[in-house]
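Colleague: Spelled out from the first residue to the last, the chains are:
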Amino acid sequence: MNGPQDLGGMDGFGPVMPEPDEPVFHAQWEKRAFALTLAMGMPGGWNIDQSRFARENRSPAEYWTMSYYQIWFAALEAMLKERGLVADDEIAAGHALRPPKPVSRVLSPADVLKVLHRGGPTERETNTKPLFQPGDRVRAKIINPPTHTRLPRYVRGHLGVVDRVIGFHVFPDSNATGAGENPQWLYTVTFSGRELWGSEGDATTQVSVDAWEPYLEPAAPL
Amino acid sequence: MTELHEHHHDHSELSETQLRVRALETVLTEKGYVDPAALDLLIETYEKKVGPRNGARVVARSWVDPDYRARLFKDATPAIAELGYAGRQGEHIVALENTPKLHNMVVCTLCSCYPWPVLGLPPVWYKSAPYRSRAVADPRAVLKDFGVTLPPDTQIRVWDSTSEIRYLVVPMRPAGTEGWSEERLASLVTRDSMIGTGLPKSPRDVK
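Respectively, the protein sequence lines represent chains A and B.
Note that the first sequence covers residues 2 to 223 in our numbering.
Note that the second sequence covers residues -6 to 200 in our numbering.
Treat the hints with caution; some may be incorrect.
Derived pair list, reagent style DSS-like, types lysine-lysine, alpha-carbon separation capped at 25 angstroms [claimed, not checked]: (1) B/K194 - B/K42; (2) A/K130 - A/K142; (3) B/K41 - A/K115; (4) B/K24 - A/K102; (5) B/K94 - B/K67; (6) B/K67 - A/K130; (7) B/K41 - B/K194; (8) A/K102 - A/K82; (9) B/K24 - B/K94; (10) B/K94 - A/K82; (11) B/K42 - A/K115; (12) B/K67 - B/K137; (13) B/K42 - B/K94; (14) A/K115 - B/K94.
Please keep in mind that the hints were generated in silico from the structure rather than gathered at the bench.
Turn these sequences into a full structure, and let the hints guide you.
Modeller: Okay, here's the thing in structure tokens:
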């Protein structure tokens, strides 16, 4: 979706303000919101792309004034409610008012380190061959799906060069809607700063994005 | 610690969030969906154990061991796993080599993708709109916000983490560190130098 998360190239947010000796968390509730989000992935049964969509799927005015853990927490609540695992009246009461729904698994303390260490690799087996090779010129397609996508607006329609064939990876655009992993070839595509930002742009900069094959179309060689 | 970025919010809103998080944790615990001891362990892991010291060890190793360096740039995920770092938000890592001609800088314009096993959780600025909006459009201006000025002819390559690939910048080894131990070298490697918004410390900055 062309939502508030797609920030590349926007102006007006002011300078970056690094915080010296920044703590990992800034409040007790951030710790709990972070841990709840990680732990609920297992019984909740959603995937990372569904989580990302739940975070970005809100009004820009809200998104841009919330802290990042507030966004995470709001997304967690939304996903829990969507699946009927928790209801508003229970959050208001601060207690469970209905029996739990059966869930596949709960994260036990004994499994935490194992689960973190395993992570969630997204590379999949395939018999197909990638359409593009390093050095190929490609154009990022102009797409505007109302659902989740990982093709940022600032590269759409622009010409780039394939740097690397990364592998065959889960396709977020499908995975986020519950349509399955639908893995696709993934590439690193590099764009010159001037291609993206115009002839007044800095000639010494380049931007690389990772782009799945459905985001790309062949472009004529130079 | 105080809540620096929360000063933007008024206190009633802050306590409302606090209360709501607590309420949800209670509901989820009562329903048996979460085990609070598992939550404590998750927090402890990312607060105390996983952080940029991990990445610094990888970088320092790459400065002293040419074979390791070659493995790191060929396929970073197994090379980093040799030091015991792997897993969530670092399932597929690519190491980026800074040279006198090329400076790499990492961003996630769409959310907050960051290589957790080697850098820990991202700082607030990395997840914030100012960084995410400008890193791809004007990286030199962003570097200035960090007090970094690169030679005008250095190429800057910005990596937007749009997939599950996570990027680790390997900064150049500072001059004047000949003969230093790996551990001493690691003390020069800052978090920001591995994101590309900073440079390693100078040997003069550490004893």
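Colleague: Hints first: check each against the structure and report whether it holds.
Modeller: Each hint tested on the structure:
Restraint check for B/K194 and B/K42: satisfied, since their Cα atoms lie roughly 23 angstroms apart, inside the 25 angstroms limit. Proposed proximity of A/K130 and A/K142 is supported: the alpha carbons are some 20 angstroms apart, at most 25 angstroms. Taken as a hint, the B/K41 and A/K115 pair is honoured in the structure, with Cα atoms around 17 angstroms apart against an allowance of 25 angstroms. Of the supplied pair hints, the one linking B/K24 and A/K102 holds, its CA atoms being roughly 8 angstroms apart against a limit of 25 angstroms.
This hinted pair checks out: B/K94 and B/K67 have alpha carbons roughly 20 angstroms apart, not beyond 25 angstroms. At roughly 21 angstroms between alpha-carbon atoms, B/K67 and A/K130 fall within 25 angstroms of each other, so this suggested pair holds. Our distance criterion of 25 angstroms between C-alpha atoms is met by B/K41 and B/K194, whose separation comes to about 23 angstroms. Restraint check for A/K102 and A/K82: the C-alpha separation of about 12 angstroms stays at or below 25 angstroms, so the hint holds.
Only pairs whose Cα atoms come within 25 angstroms are accepted, and B/K24 paired with B/K94 is rejected, the gap being roughly 57 angstroms. Simply put, B/K94 and A/K82 have alpha-carbon atoms about 51 angstroms apart, too far for the 25 angstroms limit, and the pair is violated. At most 25 angstroms may separate the alpha-carbon atoms for a hinted pair to count; B/K42 and A/K115 meet this at roughly 15 angstroms. Under the criterion of a C-alpha separation no larger than 25 angstroms, the hint pairing B/K67 with B/K137 is inconsistent with the structure, at around 32 angstroms.
For the hint linking B/K42 to B/K94, the alpha-carbon distance of about 35 angstroms lies beyond 25 angstroms, and the restraint is violated. With a C-alpha separation of about 41 angstroms, the suggested pairing of A/K115 with B/K94 is violated against the 25 angstroms cut-off.
In this structure, the hints that do not hold are numbers 9, 10, 12, 13, 14, in rising order.
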